[in-house]
Amino acid sequence: MAPMLEVERLSAWYGHVEALRLVDMHVDDGELVAVLGPNGAGKSTLMRALLGLVPTQGRVRFRGADVPRRNPVAAAACGLVLVPEGRGIFGPMTVAENLELGAYLLKGNRAEFARRHDRVLALFPRLKERLSQASGSLSGGEQQMLAIGRALMAEPKILLLDEPSLGLAPRVVEEILEKLGELNRNGLPIVLVEQKAPLALKLARRAYLMSVGSIAAEIDPRTVKSHDELAHFYLG
Amino acid sequence: MMNSLISIWAKRGSIWAGRCGDPALLAVWSVAAALVICALIRGGYLMTVMQIAAIYTIFVTGLNVFMGYAGQVSFGHSAFAAVSGYASAVLTATYGWEPLPAAALGLAGALACALIIGYPTLRLRGHYLAMATLAIGLIAYDVAVEWEPVTQGYMGISGIPPLGIGRFTVTSDRGVLVLLIIIAALGVLAAVGIRRSRLGRAFVAIAGSENAARALGIDVAHYKLSAFVISAFYAGLAGSLFVHAVGFVSPEVFGLHMVVLAFTMLYIGGIGTFAGPALGALIVTLLPETFRTFNEYQDLAYGAVLILILIYAPGGIASLPKLLSSLPRRKPL
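Chains as they are written, first to last, in my numbering: chain A, 1 to 236; chain B, 1001 to 1333.
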């Protein structure tokens, strides 16, 4: 069976700087794939490139069909939904408005909207208490829940998460990762970009290790027995 | 005692917010209503000042859609007011058209210009967008000065008839003020509707983060252009209303001064808020008149008050309830 998401020789540029070089990767149906690597390895650029937020070369295919390049709206319509680094929530808007924006492409199907809304609030009950609150005034953890909830309102076919643990307390990170695991067990494919490799490897079925803009290795998390071994992957 | 009264007032205000307005704003609105009633009864110069405030309310409400909601910058919206205003003036005063169709054509012209200019210009961001829009305003001013056969240059066009059609022409000053207030109120209500709609949420998302908005499937270029055209509609409407209310137009009316005034109104009133444009227009139009007795110190007092407002209410007058609710409260004994 063909992979759900196939990336072939994907390169990306910021001006004249090549930030991503000839990346090949794939995600199978229902898989949680981690993308690991140190700062500046190109993990966030890879996420942006998948969505077409930066100029790219190469191919991204979703369920066998090409995802249009430099057209994030079309990529979102295909079902590729990104939770960006730093969460990207809209601070002046309420939690409810942020969630409504998640279902932006739904265009007035109230029954479907209500179904998705209920599902998100069941997953993150804390958001239910904060619906009328300005999202900028939420705690970091709640903001991350909102960012994921907003992405889920788009009913993603594949969820791309960029550093969801950034700046959060360990207990909150654990809670969020637990929710991600639950989503994945329910069949949602996830690409998880994470600097904290041990956390990501607990959840992931496979992992790609990035270095200087390209994929340095593909790892099976079950084979990584210790931190030293992980360090070996990082440092060579 | 006073402190706790203020805090109770502010607390109640935060509960009322979004329902029937905040008490602090209600007080400001009451003063505004009193001024309107006073102008309607007494007439004279105050009437003219209130008419100008109503016209600026429309202009700044449009600017608020583009700058406050969508988070873009424009120094060039005076150009759309000029296109619409001059079209109205020329068609009525030179060619004898009825004011209403002339204003409608002027407005259509302003929208066409906004579409043509906005499409390439809105590819720019931040300071570059600001500079490009400033250039648009300056070009419009130069055209108004140099295209003498049509605009009569610095001399301007006089004898522009009041707004209306046929026997439904508003000729009295009181009638004009009431009409302008009704149009301004409808304009503000429409802007509130826009902000609360899917369109408005897309605008605010773009202001927050263009990439995050794109990732949700929001067509950023399309919505930026929509915000630009909507705000140009308001500017065009204000331009046409101005020439018919005052009966005269010259290039200075739509010059850089208009842009500076509109920006001041937007920030003094509260950028991105519903009530801000109207409050800003009212305060900034009335302040110089309030300080008239200061003679040579009038401008100094005017500037000082503006600075004080911006220092102590950086979110503008519309943010007063929020400001009051953040005051330290005295603990009960």
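What the hints contain is simulated information worked out from the structure, not anything from laboratory work.
Where is the CB? At the ideal position from N, CA and C, for every residue including glycine.
Any given hint might turn out to be false.
As the list claims (entries may be wrong) - Pair by pair, the computed Cβ-Cβ distance ranges are: (1) Ala1190(B) <-> Ala169(A): 41 to 47 angstroms; (2) Ile1165(B) <-> Gly108(A): 35 to 41 angstroms; (3) Pro68(A) <-> Met1131(B): 29 to 35 angstroms; (4) Arg1123(B) <-> Gly86(A): 21 to 27 angstroms; (5) Leu1124(B) <-> Lys107(A): 36 to 42 angstroms; (6) Ala77(A) <-> Leu1115(B): 54 to 60 angstroms; (7) Tyr1154(B) <-> Pro68(A): 35 to 41 angstroms; (8) Ile1139(B) <-> Gly140(A): 45 to 51 angstroms; (9) Thr1290(B) <-> Gly86(A): 41 to 47 angstroms; (10) Thr1290(B) <-> Lys107(A): 48 to 54 angstroms; (11) Ile1311(B) <-> Gln133(A): 24 to 30 angstroms.
How the hints compare with the structure:
{"no.": "1", "hint": "Ala1190(B) <-> Ala169(A): 41 to 47 angstroms", "verdict": "holds (45 angstroms)"}
{"no.": "2", "hint": "Ile1165(B) <-> Gly108(A): 35 to 41 angstroms", "verdict": "holds (37 angstroms)"}
{"no.": "3", "hint": "Pro68(A) <-> Met1131(B): 29 to 35 angstroms", "verdict": "holds (32 angstroms)"}
{"no.": "4", "hint": "Arg1123(B) <-> Gly86(A): 21 to 27 angstroms", "verdict": "holds (25 angstroms)"}
{"no.": "5", "hint": "Leu1124(B) <-> Lys107(A): 36 to 42 angstroms", "verdict": "violated (30 angstroms)"}
{"no.": "6", "hint": "Ala77(A) <-> Leu1115(B): 54 to 60 angstroms", "verdict": "violated (26 angstroms)"}
{"no.": "7", "hint": "Tyr1154(B) <-> Pro68(A): 35 to 41 angstroms", "verdict": "violated (53 angstroms)"}
{"no.": "8", "hint": "Ile1139(B) <-> Gly140(A): 45 to 51 angstroms", "verdict": "holds (47 angstroms)"}
{"no.": "9", "hint": "Thr1290(B) <-> Gly86(A): 41 to 47 angstroms", "verdict": "holds (46 angstroms)"}
{"no.": "10", "hint": "Thr1290(B) <-> Lys107(A): 48 to 54 angstroms", "verdict": "holds (49 angstroms)"}
{"no.": "11", "hint": "Ile1311(B) <-> Gln133(A): 24 to 30 angstroms", "verdict": "holds (28 angstroms)"}
Hint compliance for this structure: hints 5, 6, 7 are broken, all remaining hints hold.
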